[in-house]
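Going by our numbering, the sequence shown opens with residue 1, and the numbers climb by one from there.
Where hints are given, some of them may not hold.
Straight-line alpha carbon distances no greater than 25 Å define the calculated DMTMM-like cross-link-like pairs of lysine to aspartate or glutamate that follow [said to hold, decoys possible]:
no., residue 1, residue 2
1, 32, 14
2, 66, 123
3, 67, 123
4, 67, 54
5, 66, 42
6, 32, 17
7, 37, 47
8, 37, 17
9, 32, 47
10, 32, 42
11, 66, 47
12, 37, 23
13, 130, 75
Computed spacing ranges between beta-carbons, pair by pair [claimed, not checked]:
no., residue 1, residue 2, range
14, 16, 73, 22 to 28 Å
15, 27, 80, 54 to 60 Å
16, 29, 123, 48 to 54 Å
17, 107, 65, 39 to 45 Å
18, 49, 24, 17 to 23 Å
19, 32, 73, 40 to 46 Å
20, 18, 75, 34 to 40 Å
21, 27, 65, 47 to 53 Å
22, 14, 59, 15 to 21 Å
Derived by calculation from the structure, the hints in this document are not laboratory data. The beta carbon of each residue, even a glycine, is placed where N, CA and C say it ideally should be.
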Amino acid sequence: MTKGKKQPKKEQLDIDDHQLTLDQLCERYGTKANPLKPDTSDGLTPEQISNGQETYGPNMLSPPVKKSPFIRFLECLTGLFNLLLMIAGALNLILFFIDMSANVSALYLGVILLGVTVLNRLDRIRSATKER
Numbered sequence: 001m002t003k004g005k006k007q008p009k010k011e012q013l014d015i016d017d018h019q020l021t022l023d024q025l026c027e028r029y030g031t032k033a034n035p036l037k038p039d040t041s042d043g044l045t046p047e048q049i050s051n052g053q054e055t056y057g058p059n060m061l062s063p064p065v066k067k068s069p070f071i072r073f074l075e076c077l078t079g080l081f082n083l084l085l086m087i088a089g090a091l092n093l094i095l096f097f098i099d100m101s102a103n104v105s106a107l108y109l110g111v112i113l114l115g116v117t118v119l120n121r122l123d124r125i126r127s128a129t130k131e132r
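Kindly generate the complete structure, drawing on both the sequences and the hints.
In structure tokens, the structure reads:
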């Protein structure tokens with residue numbers, strides 16, 4: 001996958017295998033199945049398997065799209081508690097810039113609140129990556 005290019009929309013597949021009887025399903029895929037003793041069923045031959053893999057590719061799920069750490073960081077910042085911390089920090093910084101000499105403590109408080117927000121999110125991301 002290349003970044004920046006739009007991915008084409010995936011086709012809608014018509015899958016009706018779940019609606020077929022066992023005999024119809026076996027006929028469609030060219031195999032035999034014994035519903036009374038499934039362990040004695042022949043299944044697909046090695047030739048059918050290799051032909052199917054050549055035609056359709058390996059029988060694997062595609063891995064999920066991973067988000068970049070920066071995007072995950074930004075998503076974590078949108079929690080209610082972090083929004084409140086950021087707003088309080090920003091208001092304290094605004095208060096400091098209105099009157100710098102009288103509101104020095106607002107600078108410290110604003111920087112601490114914003115720092116706590118960032119550290120909280122980094123810790124949350126770090127612990128989420130360890131769980132995977």
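**Message:** Run through the hints listed earlier and report the numbers of any the structure violates, in increasing order.
**Reply:** 4, 5, 11, 14, 19 and 21
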